[in-house]
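Respectively, the protein sequence lines represent chains A and B. Following our numbering, the numbering of the first sequence begins with 319 at its first residue and continues without gaps. Following our numbering, the numbering of the second sequence begins with 319 at its first residue and continues without gaps.
Simulated from the structure, these hints should not be mistaken for laboratory data. Note that the coordinates shown come from a computational prediction; the quantities given were computed from them, not determined experimentally. It is possible that some hints are incorrect.
The list makes no distinction among identical chains, and a pair is therefore deemed to hold if it is satisfied within one copy or across any two copies.
What the hints assert, rightly or not - Taking lysine-lysine pairs in the DSS-like style, the calculated list, with each CA pair at most 30 Å apart, reads:
#, residue 1, residue 2
1, Lys707, Lys530
2, Lys357, Lys600
3, Lys688, Lys600
4, Lys651, Lys347
Protein chains: 2
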Amino acid sequence: MKKYTEMTKEELEALRSELNAKYKEYQAKDLKLNMARGKPCVEQLDLSMGMMDVLAGGCDLTCDDGTDCRNYGVLDGIPEAKELLADMMEVPVDNIIIYGNSSLNIMYDTIARSMTHGVMGSTPWSKLDKVKFLCPVPGYDRHFKITEYFGIEMINVPMTPEGPDMDMVEKLVSEDESIKGIWCVPKYSNPQGYSYSDLTVRRFARLEPAAKDFRIYWDNAYTVHHLYDDKQDNLVEILAECKRAGNPDMVYKFASTSKISFPGSGIAALASSLNNLEDITKQLTVQTIGHDKVNQLRHVRYFRDIHGIIEHMRKHADILRPKFEAVLDILEKELGGLGIGEWTKPKGGYFISFDSLDGCAKDIVARCKKAGVIMTGAGATYPYGKDPKDSNIRIAPSYPSLADLITATELFALCVKLSSINKLLSAKE
Amino acid sequence: MKKYTEMTKEELEALRSELNAKYKEYQAKDLKLNMARGKPCVEQLDLSMGMMDVLAGGCDLTCDDGTDCRNYGVLDGIPEAKELLADMMEVPVDNIIIYGNSSLNIMYDTIARSMTHGVMGSTPWSKLDKVKFLCPVPGYDRHFKITEYFGIEMINVPMTPEGPDMDMVEKLVSEDESIKGIWCVPKYSNPQGYSYSDLTVRRFARLEPAAKDFRIYWDNAYTVHHLYDDKQDNLVEILAECKRAGNPDMVYKFASTSKISFPGSGIAALASSLNNLEDITKQLTVQTIGHDKVNQLRHVRYFRDIHGIIEHMRKHADILRPKFEAVLDILEKELGGLGIGEWTKPKGGYFISFDSLDGCAKDIVARCKKAGVIMTGAGATYPYGKDPKDSNIRIAPSYPSLADLITATELFALCVKLSSINKLLSAKE
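Just chain A, same shape as in the assembly (with noise of 0.2 Å):
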């Protein structure tokens, strides 16, 4: 295949008017198609419908100590679901917390708190003239919108296919006190799939920051999300190695059941360190008599323990492999060696990262929506929205059926050439 940046206007000008055609035909079908969001599909959430049965008919609520769990009470978690999701985390169950539903809400709650306490006795970030983050990119739209919304400034860090610019990190860290944190997805990153390599957290458990509150946020969304048995990325624990770096105090780590059992109606928890977690308890003492210890049973009753949640994550990689594979092979087929875009191959998380040729990215998803596939907006995976070299497209292949993906994939490249035809065209004049 000849790299269309190779090509001539004229070859380009004859190649567009047959995509054209092709985008009509498209445009034609009527699609109603959605890669945008990171949802697990039906079959996905079929496999957790057991949930629904373990504590049904009148079977004992109590957990192991005792506590009835129908009652108000018990603030960090039952005993039981604090082992599940410690030995998922890979931390000691001491140094765990579950909440709510909602793993996105405890990093919301945690900067909240910041703002208005401060961590661990330092000023209230809310009476500081500046505060920032740093935020490897591409990244998590909703982690910048938690920034944004506190008025933190945000400052872009490259990511790598080994995580985050280290060497920009170290040096901005230990230079500006006001930077206060620094959002990470260090397993089958999101958009990437990338996983942090081992030398990269240790270099960040060994920072030096010139602030004493400066955290990592340390979303571990996809911790058990393999896509293969034998090929599995993993990851350095970052609490263990904060706390051999001498610097125990240094992480939040989160993560929750949303991707396990259901989005929305799982468990989510807190992990760090004892002095972190004194810290935020008082915090949690005034907001919250307890969550919902009904939940965090079912849980435990329906997985039992971490060997449950691995063989329950099995099924969730036998649905999704096929559709990454799909989108990936179509990728390859469409657009490899065509020098108009790159992307990612995860063994794990929800999404493939596409980087388009410079200034395309909008116009690509643009496309895509005129003849009915929805992709995350162009920009969302940079903070404020904007992407500087407009490039950068998530693809979220979990919750279309296989058939569904393959036609959204086609239509992709298919718009990904015909906005690169335009991009190289107009270079040309």
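Fit chain B to the supplied structure of chain A, relying on the hints for placement.
Okay, now just chain B, sitting in the frame of chain A:
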């Protein structure tokens, strides 16, 4: 029965010897009873066990509008849950947002948001020199803990059987721009079981606050929590009343099913004007992807509609009524006419409020504790835990068995007598 206040020193001393002997008998019993918190008892929790069955057996978890409750999405609650709670809260369905498991958490979030982002465009409270709240006293300790946590100055407003002292509320609110809110439990109040009179609610709706961001925090926790079918308090609906009075945005209304289904595993809601909800949604959309829709569906499938809730609350009442009556009977029999205490006689809610002679409450609670009966800490019903007269004690009859409750209340009455005698004797010295 002769009033203690009319007894001679010798009579009091003789009585004290007699009562001290009785107290020692209680101490010998090695009691472990708890009348501290408004926790439902096991029999009440058993009422809702059917809730664990309604979604079992692979039943369809789709709601009326086609939303799959198992997946992400829906920020403000599924329509059928909104209808159920709107009916319970006596507001239009458009004026409600369904949250997670805790109305206390909604209140916390409401204050937290006002601190960082203000109210409908007002200056964030964290930027102001001084923020104050009015606190009808005695009141609910967890309300006061929230405002205390955010450094908000609390001003005591005396409660009457008609509600807060409205002369004082009107005056303070209209004069002082730093007063941003008032905590209210308007129906079967915590701890008195008072319900605000029609006139009180009307005066609330007609307040003319100096602060544009003043809001009434209307915690209607006990809206359907009657003890009797024939004797029920009625409360004028505040949202509609504020609208009629030209103050549509002045109130946030909170409720939950915590004491209807399962405490900690219920669903909570906020009701307010569309303007307020729009303001709040700006936060909510950043804070979470959505609350637990499966649990919302569970509640709807179990209760079906407001009539289902009312029927269910009859069963709660059948369990609670004998307990309240037992406590009131013992108080009347043991303390009636002695001039050493007054108490409320609620027709609903979870508490009885007891007022001892000034300066006796802490001593009474300590005496109870030494004999194995835990009461709500004296002072807890006041901001900062400071009851200026040291006289108020909250009695929570729900949790202990009837037999235990009788023992605990008899001991309580005995401790009231002993403390009062000591108080009266020390005044004679």
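Taking 30 Å as the upper bound on the Cα-Cα distance, should Lys357 and Lys600 be classified as within, between, both, or neither? between (34 Å within a copy, 22 Å between copies)
Within, between, both or neither: how does the pair Lys651, Lys347 come out at a Cα-Cα threshold of 30 Å? Classified as within; 22 Å inside a copy, 82 Å across copies.
Between copies, within a copy, both or neither: which fits Lys707 and Lys530 at Cα up to 30 Å? Neither, since 34 Å and 44 Å both go past 30 Å.
Alpha-carbon proximity context of Lys688 and Lys600, limit 30 Å: The answer is between: 29 Å across copies meets 30 Å, while 51 Å in one copy does not.
The structure fails hint 1 only (numbered hints given earlier).
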